[in-house]
Each structure stands twice: as structure tokens, then as C-alpha cells.
Amino acid sequence: MAKNKLDWQTGDANDGRAPLSLENVHVAYNTRRGKVRAIRGVTLDLHAGESLALIGESGSGKSTLGLAIVRLLPDTAETAPGVITYRRNGREVDVLQLKPGELREFRWSECAMVFQAALNAFNPVLKVWAQALDTAKAHGWHDKDAVRRRLVELLEFVQLDPKRVIDAYPHELSGGMRQRVLIALSLLLNPQILILDEPTTALDIITQRTIIKLLRELKEDQGFTMIFISHDLAIAAELADRVATMYAGRVVELGASDDIFYRPRHPYTLGLIRAVPTVTGGFEQLFSIPGSPPDLVDLPKGCKFHPRCAFATERCKQEEPELEEVGPGHTAACWHWHEVEAELRRNPLHRGALNLTDVIAVDVEVA
Amino acid sequence: MAPIIEVRNLTKQFGKGKERVTAVDSVSFAIEPGETVCLVGESGCGKSTTGRMVAGLLEATSGEVLFEGKNIKQLDSAAFRRYRQTVQIIHQDPYSSLNPTQTISQILTAPLLRHNKVKNRVAAEARALEILEVVDLTPARDVIAKYPHQLSGGQRQRVAVARALTVDPKFIVADEAVSMVDVSIRVSILTMLARLKKEFDVTFLFITHDLALAKYFAWEGRITVMYLGRIVEDGPTQRLINDPRHPYTQALLSAVPEADPELAQHKRQIELRGAEIPSLLALPPGCTFHPRCPYFVPGRCDAAVPALEALDVGGRVACPVRRQERVSLLV
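Protein chains in written order, with our numbering: chain A, 1 to 367; chain B, 1 to 331.
Same shape as in the complex, but just chain A (with noise of 0.2 Å):
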């Protein structure tokens, strides 16, 4: 199929300039328990035209930034004190501050966010193509002829065939097409970045892959600029130019996809990496964390991560962190980030070139 080259704005609008900056953000819902402390003091910018991925366990907020980033977030969540910038074209907004009215045209035409492809993401009695009309009218465009011409190229776009898929209901089509139907539908109003939250969960690995691929090509051949979130290390790994590692509502390290994968400077970021096996090689053994994550009523003091920790120290268990730079472009909040770098010189993971140069070997050695 000819790749429709869509006329999207890139962030260049914005000299240089990140289109969106967090700065000292916080989120807390209360609940009977008491302060649910989901993110606090996140602090991080989104360049133009980059993927990241924000990874970490369930409760560690990544989740909740997402939401917190469209303002979708139920009424009981408090979001002070912090600042979301977002910036297109020169104009800066506080997405925190905006009222109904603006933050309704910052949704989905700045900034649009796709769920996991379960049903509940669509309105189960609309149409794919009422769906984008009711979403396109909320938004003051009722040119339907319009909508209509969008629709379609953005459903061929995504490898959909919009004749069999417009008229057809949510239920009507399989999770890999509602993924597809989801993210054509989150393009429909030009948004400048796209948020996407698990988008290949419960889907099947050979369906993951097109929709891996799909995404691929929004980054690289559109200049998408996009954060995904996932628990999955493989998404972070196929996709992301830049990792955050979150845990227990802060990012705890942040660095390009290989200095996250390889050379990992937090020990939680490295725990989680020792965690996850691949598949195609050699065995490798697998750590996992001792513990559980923490209740974000009822913190620790000082690292969160600290009772999980095999570097934890006295100063640990009273002194949080904050990010420092272990590497040029590469940040992580720990005391120790020299002893893990120590740990992994003598343990190396076994990942990256010298496993894949293995595997190779075996394969020509073989054939």
C-alpha cells in the first residue's frame, strides 16, 4: 500500500524547544485510607519527535502521569504542586490550569491518548464511523465529507480496509483491528503527540508485531512524538528512543534505550532487567526482586526502593535521592549508582552484541 505522507505538525514549531515539560509533578488521590501519593515531584521534558517509554511496575505511576498529562484524571486526584508546559507553534500552555472549554481542544487535537484495545475504549453502540464524527463534531469540525476523506486515509494508514471497517461496530472486529482503529482515531485531529498506554497488552505476539511495526513507522517515517507506557521491557526495548524507569511515583532513571537496556545505573531499573528473559538465545539466569512494590499510603522513608535493595545503606533508609547524571544524557536516583556499575563489570549482562554475536556464531557454525 502507498504510505500516505500526512500533514502533521512536527514540534520544529517550537525552536528547538521541548513540546511538553513536567516539571515538579504531583498527583495524590484521596481515598478512606488516607493520601495515595501516585506521582511525586516528576520532572522531565519530551523532545520533538522522540519516543519514550515510561516502564515500571503496577503503582509506580506511570499510568496515573499519562492521565495526568490529557487531565483525565478522577475528581478525587490532586495535581499540586507541579507544572505540565505544553507547547506548539509558539503558544505555552499550563495544562494543569486550563479550563473545560481549552482543555477540551488540548485533547485529542494537541495531545491524544490510546487505551489498551479492550472493548471498553470505544462507545460499544457507535460505529467506528460515528465514533470519529462525534469526536471530530465535539471539536467544532462538522465538515462530514471532510471527516470522512480523514477517516479513511487514516484507517489505510493503520492497514485497515476502511470499507469493511467504517461502518462496522467495536464488537465486530478483532483486538489487533481495534488497536489499529484506536490509533487511526487518535490521529484524527492532527495531534502533535501521541500518548499510548499499554497499546499492545492482551493482544496476540503475532498481532503485537504489526502493531509494533505500525507504531515504527509513526515514529520513524511520520516524526511522531509519543510516550508509551508499558510494563513490558520488550515494548520499551522495540520501541523507545529514551526509558524512564518509575517506581513508587518518581522516575528513578532516565537515559537512552541502550543506557537503560545495557548500562543500567539504578538498581531497581537493573532488577527489572535481570527479571525479564528474551527468547531468541542462549539461557541466561534470571533474579528477581525480593519483596513487593510499596503502599503509597504508607511509604518508607527515605528510598523507596530501599527494603527491595541489595545496595541499600543506613543512608538509604533516610535520605531520598534525587536524579543525578551518571552518564551524558543518562540520569538515575541512587546513592550507589557506582556500585552497581561496579556490580556490572563483574556480571555483565549477557545481552545486547555479545549475545546476539553467540547466537549468530552457533547459527553459522550449525548451517
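This list has only true hints and no planted wrong ones.
The list that follows gives simulated cross-link-like pairs (lysine-lysine, DSBU-like), each with its CA atoms no further than 30 Å apart:
| id | chain 1 | residue 1 | chain 2 | residue 2 |
| --- | --- | --- | --- | --- |
| 1 | B | K146 | A | K35 |
| 2 | A | K144 | A | K163 |
| 3 | A | K301 | B | K146 |
In short, the hints are calculated from the structure, not lab data.
Please arrange chain B on chain A, whose structure you already have, making use of the hints.
For chain B alone, kept in the frame of chain A given last:
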């Protein structure tokens, strides 16, 4: 040694008339005591249905399940009881598989008493504490008084394993047993299960959609790949993972996302002719993979269901067209 579990031409159909689907179609395999076998495949391939028939939770439409060489339908009541105790199943969802109104103590002592594993309540409680130690739920005294909702997902799954252990099983069907558990905790549960293999001679049928987990858990064992109700390939894990022969296995392994950026960049991309899995209600004739298979031979692949044939490199494959062809998974 005789297989502890064997299935022959096992078939399961659901529904009636036009709605009738064949979820499992003439599946045959044998598992020796001490082996670890992983059943892998995508949703709808029949792996869980097969596991449930092996565990006796579901009756086969045709074909048979043999326990220590005897058809489970022909066992006398004492032998059937022994089968039901020896073969246990652990389900995927530790939130719905544990009774929320019972304490861990009640959950564990009920089967101990029911199957006369212990003399009285006091002994049952003591045994329950021992079992909690085995599954690393410590301090056991604290855990035993709790209700399931007071435990994390990983801890609940350990309780589910503990419950299976109350009746001294020798064969455990683990159906997506760690799929709902957080990444950092998964490995510790797999390690615990691997310890049961060694210490209690438990044989495992490990059912998963996650090839990376299958590889890790059954590195010394075997993997069986199912597609739309049929086995398409099986063999020793180390061979199957790095030298798959069935085009579906190759497609699956090349498609699986890798948690390693460099590896991810170097995976071969196998283009399929069709992206969608056919519906079980309208299965294609012949090899059910043929509408998607890149090596489709018209008149051959769509004419007859290919039989599983033994491979000289170990295992079986149901593809007469490609069985001798090796495909490198990396470029």
C-alpha cells in the same frame, strides 16, 4: 519409564449445530515423570482446554487421557481418587481462584482433611504451615490467618500453589500461572516451581502464551506449539527456540518482542500473507495455517491436514513442505 500422562487423539468440541467449534483437534502427546513440558500458543489455540482435560476438569469429546497408562474414564473409584490427587491444576487468576470468604488456613486445611492427609485439625494446621514455608510465604504464622484480599497478587498465587501441594501432587498443570504477576516477582515464583520439580519430583505441564517464560522454565524440557486446536510442532526447548521448523513457530518466534534493543533490531521479520487468525467457526481446510503461511503450496497445503512427523533434530513437526528448512531468526 511409562508416561505419567498421555493423551491420544484428544478432541474437544464446544457448542451445537452451526455454533460448533473444535477447540482441540486430535492432540496426542506423552509426558514422562520428571519432565517439564510447555504448551504454548496464542489465545484460542486450545492450550488451556487441553490442560483442563488433562487435569480432569473437562471431559473430552473424543480421544483419551491416560494416567499412568490407564484411561481416566476406566479407573475404579480408588484409582480415580489417586489420579485427582496426583494431578493438580494452578489457574491464571489468583483473584478469582481463591474463596474470598475463607482464611488461608481454611483454604489449605480443607483439602488436607478431605483427603485424609492428616488426622485432625491441629495436624492440618501444622501441615498447612509447613506448606506455606515450601512456597516461601513466610512468616507462615502471619500468613495463615489472613484472607486472600490481604495478600498481593504474587502471594495469592503462592497460596494457590500451596493449595495444590496439600494433596502431594506429582503432576501439576500450571495454566498461565505467572501471567498476572508483576515482572519483578514472576521469576521468584518460577524458581519456587522449579524447586518443586527437584524436591518433590513434580512433573509440570506449563501452559503459557509467553515464549520467553516457556524458554526459561523448560530450558531442559520440551515445548509444544499449538495453533487453532492442533499441535504444529514440538521438540526439545533448546532446539525449538533456536531452530524452529514449522512456519507458524518461525513466525511466532520472529514476531515476539524482545527486551533487548539490539536483539529487537536484528530480529528477522517474517511477512505473513494474512494478519488475522481465522475463526474457529470457519476453519480453513487442510493445514489451518495455510491462509497466512508464506510458503503456501496451493493444492497441497489446503488439501489435507498434515500429520506430525518426527524430526531428526528432535521433536515433531506438521509441515511436509518446510520440515527440512532452517530459518535464521536473526539478520
